[in-house]
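Peer 1: Residues per chain, in single letters:
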Amino acid sequence: MATSNTFKIVIVGHVDHGKSTIIGRLLADTGSLPEGKLEAVKANCERNSKPFEYAFLLDALKDEQAQGITIDMARCFFKSDKRDYILIDAPGHIEFLKNMVTGAARAEAALLVIDAKEGVQENSRRHGYLLSMLGIKQVAVVINKMDLVDYSESVFNQIVSEYSAFLKELDVEPTSFIPISAFMGENIVKPSNAMSWFKGQNILSTLDGFTAEEKAAEQPFRMFLQDVYKFTADGDDRRISAGRVESGQLSNGQEVIFLPSKKKTNVLRFEGFNEDSYETVKPGKSTGFQMSEQIYVKRGELVCRTDQVLPQVSRRFRANIFWMGREPFVPNKDYIIKIGTEKVTGRLARVNLVINAGEDLSKVEKAQIERHEVAECIIETRKPIAFDLNTDIEATSRFVIVDDYDISGGGIIRESMETDSSAYVEESIQRELRFERSQISNLIRRERYRQKPALVLFCGAKGADHKNLAKALEESLFNSGHLVYFIGMGNVKYSVDRDISMLDDQSNEHIRRFSEVAYLMMDAGLIVAGSMQTPTDDQIRLIESLISPHEVLFVRVDQKPNSVPQYEMMLDSEVEIKTNLVRVRNRLNELKITTDINE
Amino acid sequence: MNKELYPHLDELENQSMYIIREAYNQFKNLAMLWSIGKDSTVLLWLTRKAFFGHVPIPLVHIDTSYKIPEMIEYRNKFALEWKLTMIYGQNQQALKDKQTFPDGAIDRIACCKALKTDALRNTLSGSWDRFRLNHDTGTYDVDSNREPFTGVIVGARADEEGSRSKERYFSPRDKNSDWNIGDQPPELWNQYKTEFAPGTHVRVHPLLDWTELNIWEYIHREQIPIVSLYFNQGDGKRYRSLGCYPCTSPVESDATSVEEIVEELRSGKFSNIAERSGREQDKEDGGGLETLRREGYM
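Residue numbers (my numbering), protein chains in the order written: chain C, 1 to 599; chain P, 1 to 298.
There may be inaccurate statements among the hints.
[What the hints assert, rightly or not] Selected chain C positions facing chain P (in silico; Cβ < 7 Å):
#1 Phe77
#2 Val189
#3 Pro191
#4 Leu225
#5 Asp227
#6 Gln290
#7 Asn320
#8 Arg326
#9 Lys338
#10 Tyr405
#11 Asp406
#12 Arg414
#13 Arg583
Note that these hints are calculated values from the structure, not bench results.
In this text, a Cβ means the ideal position worked out from N, Cα and C, and glycines have one as well.
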């Protein structure tokens with residue numbers, strides 16, 4: 001009873017190289033057109049005294065006929081004896097590159113069309129390059145319009161050798177080269193008489209030979225958290241973490257870690273509606289599970305198994321990107337970077353080189369990336385994100401760049417770059433994986449103490465009021481029944497830092513130890529009122545990395561301070577301590593770190 | 001429930017669920033159009049799948065008042081049973097003034113525009129009254145919420161007709177609900193247009209890759225209750241596509257069950273005949289649907 005999977009292929013190539021004619025032929029010669037369609041289009045041509053072309057079959061849209069070129073990708077359905085196909089027609093005109101990318105990104109295999117008479121053109125190369133970046137491995141190169149070169153084997157061989165050399169540079173190996181004439185119907189669905197010298201497969205048998213995309217079931221488990229649901233209707237008290245599996249497998253009871261927050265839990269049970277219960281999920285599955293421990297995780301985190309290789313966590317990476325935006329991709333401007341369900345602010349840190357994808361792949365040095373260019377660059381995000389390298393897991397290495405509401409670029413991550421805080425990110429992940437914990441979980445502590453552990457870190461210039469504010473917060477929280485402890489940088493310096501007293505007061509190692517001491521207290525359920533001299537931006541990220549999965553609030557104390565994005569709050573040191581304290585307490589309530597007992 | 005029956009539907013189901021969840025997360029004022037037909041009913045079912053039995057998205061039905069009565073009965077029955085936030089909108093002015101095709105005042109295309117396109121646009125924007133099902137009384141009250149919907153989930157399929165094959169999963173519409181086909185944002189790697197300028201809205205199409213056959217296979221596999229008009233009631237006729245009764249005719253068919261419909265579409269008499277052949281408005285203008293879709297018709 002079951003029919004086979006529908007197989008998605010995209011057809012790409014330079015404008016006017018004959019894609020629409022090939023599709024028209026495939027639809028007609030496989031008998032996939034609706035009844036009477038072919039006759040109707042032929043009759044229409046006759047009425048208007050113009051010669052019938054197979055390409056007309058596709059021209060479903062009025063404005064497309066007027067322009068005579070495919071402006072958007074269109075989907076057609078056709079069948080072979082083996083299976084059903086969706087054929088995505090991608091436009092060849094450079095103006096519509098983003099439509100070509102949209103079409104190609106949905107496909108499992110591609111037909112790349114080259115005109116035998118015109119030979120390899122700019123977009124033959126550019127499309128070849130993009131297919132490789134989009135991750136399409138199965139590519140058949142179709143040399144069309146062989147009738148215009150008298151079905152010449154040597155013309156065919158020359159294009160094959162030229163284009164093969166180009167693809168080799170991209171590490172793409174085409175499945176096959178097929179000489180055809182779509183106009184005459186040669187080598188479309190049956191072997192060609194006009195080209196008896198060609199011993200390979202025709203288009204249809206080549207398509208039938210493509211294999212369905214291999215799902216990455218053997219790779220480490222990855223799933224971007226899409227949402228956490230708690231629908232209370234009808235007394236439903238399930239709290240479900242939902243997402244779609246990108247790679248690997250996950251089973252009931254296994255331990256998972258959410259990155260970058262590093263929170264851990266076990267899978268309690270997979271959930272579903274109107275389906276049999278299941279124990280394991282595999283790639284492609286839109287699923288959801290309940291956790292054995294209630295932890296607070298956010299959309300965009302990457303769910304991984306603790307017993308497998310973990311992804312990269314970084315805020316700086318090297319990537320190959322292609323740019324489709326009207327405005328160029330420039331440094332020193334904020335963009336939205338979307339990877340999986342994660343959305344962060346990011347910037348172009350550096351353009352390594354722009355690749356001349358339409359020609360010989362030569363490399364040019366440039367400061368920004370223009371529309372339709374392909375480049376290698378370094379991107380920095382404001383917060384650390386979890387991802388894999390393209391050579392490890394493709395699905396979790398792909399990201400897009402949003403500029404002014406629209407997706408304007410796409411890229412694949414090639415390398416995770418070192419930042420000042422990289423080593424600390426790694427340290428904290430290892431800590432979370434290895435830390436031994438008792439049956440008393442964070443949640444149990446949180447419920448008992450009626451507070452959420454957090455570090456409230458008051459920062460100011462030497463001699464500013466930050467230390468007094470931290471102490472005042474400790475006292476205020478203590479008096480309202482909270483578990484809280486004041487800790488200043490000095491306290492750490494004269495205790496666990498004794499062996500490094502020779503280092504500069506503001507060195508990273510002092511900060512690291514301060515953070516780890518605070519972490520332990522928070523792990524014990526405490527709120528920590530901390531104080532230190534204003535750290536650098538890199539040190540702020542270092543502290544964040546080490547404190548996470550717990551929370552840290554940076555509070556800047558200064559004379560008439562201006563807002564700085566890293567700081568949760570800015571306090572004016574010339575205002576009375578009492579007034580500042582009320583603001584901090586209110587903020588802690590808003591963030592649900594405390595619930596005011598007096599309320 | 002027999003999952004082995006149609007294993008190829010898994011991928012379509014997973015993709016659609018992912019898109020519905022993305023829309024739910026990314027749009028604050030989201031609605032789903034429910035025409036009561038098979039496609040949008042499958043869409044509603046997929047929503048229950050995506051949210052583990054719940055439907056946290058309001059459903060909007062554009063009631064032309066010329067819908068076949070069984071459709072409204074069916075709508076109200078399942079809206080109550082599945083506890084849906086059910087809203088309908090209507091062009092009450094045109095109906096009052098008898099400015100419709102069945103009244104003989106205007107042609108079919110103009111009627112579609114008035115009763116469907118205009119009603120839809122004004123219901124979504126909140127400029128006309130919305131009627132919301134009161135689950136206590138079973139009747140509809142004027143909804144006090146008039147906030148415009150910025151995301152609208154629709155059950156369009158690419159294989160229906162030419163213009164629909166050009167839609168994105170997330171297709172932006174501008175302030176006038178216009179659809180700029182030549183300049184749509186790219187979609188790749190499951191990344192969609194979820195950022196948009198004030199005043200614009202986005203149509204979301206989770207069923208884009210489904211075919212008519214897939215829809216029926218899925219109804220069969222999931223045992224989705226479907227309005228009886230799709231089946232032959234003994235007179236050798238059934239509806240293949242549902243609309244207003246003055247403009248939709250049944251087709252000749254003996255199919256009395258979902259299984260028989262699947263067979264009819266796969267290898268039987270309808271395997272090569274377009275689905276909307278019973279819809280009269282498609283025939284009036286060569287690019288009729290294209291024109292209507294630009295203006296917001298689904």
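Peer 1: Take the hints in turn and mark each one as holding or not.
Peer 2: Now the hints, each set against the structure:
1. Below 7 Å, beta-carbon pairs count as interface contacts, and phenylalanine 77 (chain C) has one with chain P at about 6 Å; its hint therefore holds.
2. With 7 Å as the threshold, the beta carbon of valine 189 (chain C) stays out of range of chain P, its nearest partner Cβ sitting at about 18 Å, so the hint is violated.
3. Taking 7 Å as the C-beta cut-off, the interface hint given for proline 191 (chain C) is violated, the closest approach to chain P being about 27 Å.
4. At its closest, the beta carbon of leucine 225 (chain C) sits 11 Å from a beta carbon of chain P; the interface hint therefore is violated under the 7 Å criterion.
5. Look at aspartate 227 (chain C): its Cβ gets to within about 5 Å of chain P, closer than 7 Å, so that hint holds up.
6. At its closest, the beta carbon of glutamine 290 (chain C) sits 10 Å from a beta carbon of chain P; the interface hint therefore is violated under the 7 Å criterion.
7. Contact between asparagine 320 (chain C) and chain P, as hinted, is not supported at the beta carbon level, the nearest pair being about 14 Å apart and thus beyond 7 Å.
8. Proximity of arginine 326 (chain C) to chain P is violated relative to the hint, the smallest CB-CB distance being about 10 Å (cut-off 7 Å).
9. Satisfaction of the interface hint for lysine 338 (chain C) is found here, the shortest Cβ-Cβ separation to chain P being roughly 5 Å, below the 7 Å cut-off.
10. Hint status for tyrosine 405 (chain C) relative to chain P: holds, with the closest Cβ pair at about 4 Å, below 7 Å.
11. For aspartate 406 (chain C), the shortest C-beta to C-beta distance to chain P is roughly 5 Å, which falls under 7 Å, so the interface hint holds.
12. Among the interface hints, the one on arginine 414 (chain C) is violated; its C-beta lies about 16 Å from the nearest C-beta in chain P, farther than the 7 Å criterion.
13. Below 7 Å, beta-carbon pairs count as interface contacts, and arginine 583 (chain C) has none with chain P, the closest being about 29 Å; its hint is therefore violated.
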